[in-house]
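Participant: Put together the whole structure using the sequences plus the hints.
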Amino acid sequence: METTRIYRMLFSSVYPLYLQKAEKKGRTKAEVDEVICWLTGYDVLALQQQIEKRSDFETFFAEAPLPNPNMHKITGVICGYRIEEIQDPLVQKVRYLDKLIDELAKGRTMEKILRK
Numbered sequence: 001m002e003t004t005r006i007y008r009m010l011f012s013s014v015y016p017l018y019l020q021k022a023e024k025k026g027r028t029k030a031e032v033d034e035v036i037c038w039l040t041g042y043d044v045l046a047l048q049q050q051i052e053k054r055s056d057f058e059t060f061f062a063e064a065p066l067p068n069p070n071m072h073k074i075t076g077v078i079c080g081y082r083i084e085e086i087q088d089p090l091v092q093k094v095r096y097l098d099k100l101i102d103e104l105a106k107g108r109t110m111e112k113i114l115r116k
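Residue numbers for the sequence shown follow the numbering used here, so the first one is 1 and each next one is one higher.
Worth flagging that the hints you see were computed from the coordinates, not collected in a lab.
We put the CB at the ideal spot given by N, CA and C, even for glycine.
The reader is advised that the hints may include incorrect statements.
Cβ pair distances, simulated, as ranges [what the hints assert, rightly or not]: (1) D56 x K21: 19 to 27 Å; (2) L66 x M110: 14 to 22 Å; (3) V77 x L45: 31 to 39 Å; (4) R82 x E52: 30 to 38 Å; (5) E111 x R5: 32 to 40 Å; (6) H72 x R108: 16 to 24 Å; (7) A62 x T109: 25 to 33 Å; (8) M110 x Y7: 26 to 34 Å; (9) A62 x L17: 19 to 27 Å.
Facilitator: Shown next, in the form of structure tokens:
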């Protein structure tokens, strides 16, 4: 798995793709933001600040105020890799986020996505 590329990838360049994927399936920006905030502990204002300052994924997750203690409950396969077997912590967090956005786009309820 190419990890250095993920470290340098700008969150602000991927965020519109998350929105596009979710909105194409009838979900909202507010739901995308809720999922991201649940995972990272950012509030909507702090999330927007990360987007505006063009943080890369490494900085985005390093500055996350309160990573959700239930993130380990996110399991399954994303991009051909089983999430729970990914060794690199940053890559695993990025894949957690990818998986949550996929679940949102597939129509899962917020209660299930947020592991309640």
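Participant: Look at each hint and say if it fits the structure.
Facilitator: Verification of the hints:
no., hint, result
1, D56 x K21: 19 to 27 Å, "holds, 20 Å"
2, L66 x M110: 14 to 22 Å, "holds, 19 Å"
3, V77 x L45: 31 to 39 Å, "holds, 34 Å"
4, R82 x E52: 30 to 38 Å, "holds, 34 Å"
5, E111 x R5: 32 to 40 Å, "holds, 34 Å"
6, H72 x R108: 16 to 24 Å, "holds, 18 Å"
7, A62 x T109: 25 to 33 Å, "holds, 31 Å"
8, M110 x Y7: 26 to 34 Å, "holds, 30 Å"
9, A62 x L17: 19 to 27 Å, "holds, 21 Å"
Hint compliance for this structure: no hint is broken.
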